[in-house]
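Undergrad: Chain by chain, the residues run as shown.
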Amino acid sequence: GESVGLHLPTLSVQEGDNSIINCAYSNSASDYFIWYKQESGKGPQFIIDIRSNMDKRQGQRVTVLLNKTVKHLSLQIAATQPGDSAVYFCAENTSGGSNYKLTFGKGTLLTVNP
Amino acid sequence: DAMVIQNPRYQVTQFGKPVTLSCSQTLNHNVMYWYQQKSSQAPKLLFHYYDKDFNNEADTPDNFQSRRPNTSFCFLDIRSPGLGDAAMYLCATSRDWYQETQYFGPGTRLLVL
Numbered sequence: 004g005e006s007v008g009l010h011l012p013t014l015s016v017q018e019g020d021n022s023i024i025n026c027a028y029s030n031s032a033s034d035y036f037i038w039y040k041q042e043s044g045k046g047p048q049f050i051i052d053i054r055s056n057m058d059k060r061q062g063q064r065v066t067v068l069l070n071k072t073v074k075h076l077s078l079q080i081a082a083t084q085p086g087d088s089a090v091y092f093c094a095e096n097t098s099g100g101s102n103y104k105l106t107f108g109k110g111t112l113l114t115v116n117p
Numbered sequence: 179d180a181m182v183i184q185n186p187r188y189q190v191t192q193f194g195k196p197v198t199l200s201c202s203q204t205l206n207h208n209v210m211y212w213y214q215q216k217s218s219q220a221p222k223l224l225f226h227y228y229d230k231d232f233n234n235e236a237d238t239p240d241n242f243q244s245r246r247p248n249t250s251f252c253f254l255d256i257r258s259p260g261l262g263d264a265a266m267y268l269c270a271t272s273r274d275w276y277q278e279t280q281y282f283g284p285g286t287r288l289l290v291l
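Keeping their order, the protein sequence lines are chains A and B. Residue 4 is where the first sequence starts when you use our numbering, and the numbers rise one by one after that. Residue 179 is where the second sequence starts when you use our numbering, and the numbers rise one by one after that.
Keep in mind that the hints were calculated from the coordinates and are not lab data. There could be a bad hint or two in this list.
Computed spacing ranges between beta-carbons, pair by pair [said to hold, decoys possible]:
id, chain 1, residue 1, chain 2, residue 2, range
1, B, Gln192, A, Thr114, 32 to 42 Å
2, B, Gln192, A, Gly19, 23 to 33 Å
3, A, Arg60, B, Pro196, 42 to 52 Å
4, A, Gly62, B, Arg273, 12 to 22 Å
5, A, Asp20, B, Thr204, 22 to 32 Å
6, A, Thr97, B, Lys230, 19 to 29 Å
Here are some chain B residues the structure puts well away from chain A; computed CB gaps all over 10 Å [to be verified]:
id, residue
7, Gln184
8, Pro186
9, His226
10, Lys230
11, Asp240
12, Leu268
13, Arg273
The calculated PhoX-like cross-link candidates involving lysine-lysine, where the alpha carbons are at most 20 Å apart (straight line), are [unchecked claim]:
id, chain 1, residue 1, chain 2, residue 2
14, A, Lys104, B, Lys195
15, A, Lys45, A, Lys109
16, A, Lys109, B, Lys222
17, A, Lys45, B, Lys222
18, A, Lys59, A, Lys45
Since the model is a prediction, treat every value here as computed from it, not as a measurement. Every residue gets a Cβ at the ideal spot worked out from N, C-alpha and C, and that includes glycine.
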């Protein structure tokens, strides 16, 4: 069967609170970043992206902040709802020689308590 | 409005018995990817196609192969599945590979007995 997986970082919040999920990326040359949400048994779902020429980008209830100096990315979710419970992955667009690919971070499990 | 479709959603195979997973897309994207995801881990890229050009990741075992007969379809072939190959297999597409969002299918959960 499957090998035992790593324990994910977890974040537990109360419904209605704001959530902040952090991600450290590895490659200073990465210039495009995406946050994905993955619910149990489903494929990753696009939430929001940001290019390296921006520090902040806002969507509906979500904000992504990019700090290139310390290679840090964060996802802020306003007024967190039970439906936001999922694993959240950051991904960076990195060069793989003659092509580009997404490299995923480890993921954070967000649990929203009603 | 399914955009990236994977079939089947669940696949059971026997140790050593070849299995094929399929992916189709309605987005007319140039790039199609296959990822392997094990429990509580991030998706791991196996390979991708840019149009008909195949790009294999250096650490993808030879046991994994892929075919892309046309723009819409891509297949993942596992020639001799082992117990360690049990995982979720995710297909994704993107219009291009530079600064482009990848859109994922629902995945196929593979169980190896």
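Undergrad: The structure should be examined with respect to each hint, and the outcome stated for every one.
TA: Going through the hints against the structure:
no.: 1; hint: B/Gln192 - A/Thr114: 32 to 42 Å; in the structure: holds (37 Å)
no.: 2; hint: B/Gln192 - A/Gly19: 23 to 33 Å; in the structure: violated (49 Å)
no.: 3; hint: A/Arg60 - B/Pro196: 42 to 52 Å; in the structure: holds (45 Å)
no.: 4; hint: A/Gly62 - B/Arg273: 12 to 22 Å; in the structure: holds (20 Å)
no.: 5; hint: A/Asp20 - B/Thr204: 22 to 32 Å; in the structure: violated (38 Å)
no.: 6; hint: A/Thr97 - B/Lys230: 19 to 29 Å; in the structure: holds (24 Å)
no.: 7; hint: Gln184; in the structure: violated (8 Å)
no.: 8; hint: Pro186; in the structure: holds (14 Å)
no.: 9; hint: His226; in the structure: violated (7 Å)
no.: 10; hint: Lys230; in the structure: holds (14 Å)
no.: 11; hint: Asp240; in the structure: holds (19 Å)
no.: 12; hint: Leu268; in the structure: violated (5 Å)
no.: 13; hint: Arg273; in the structure: holds (12 Å)
no.: 14; hint: A/Lys104 - B/Lys195; in the structure: violated (31 Å)
no.: 15; hint: A/Lys45 - A/Lys109; in the structure: holds (17 Å)
no.: 16; hint: A/Lys109 - B/Lys222; in the structure: holds (11 Å)
no.: 17; hint: A/Lys45 - B/Lys222; in the structure: holds (16 Å)
no.: 18; hint: A/Lys59 - A/Lys45; in the structure: violated (28 Å)
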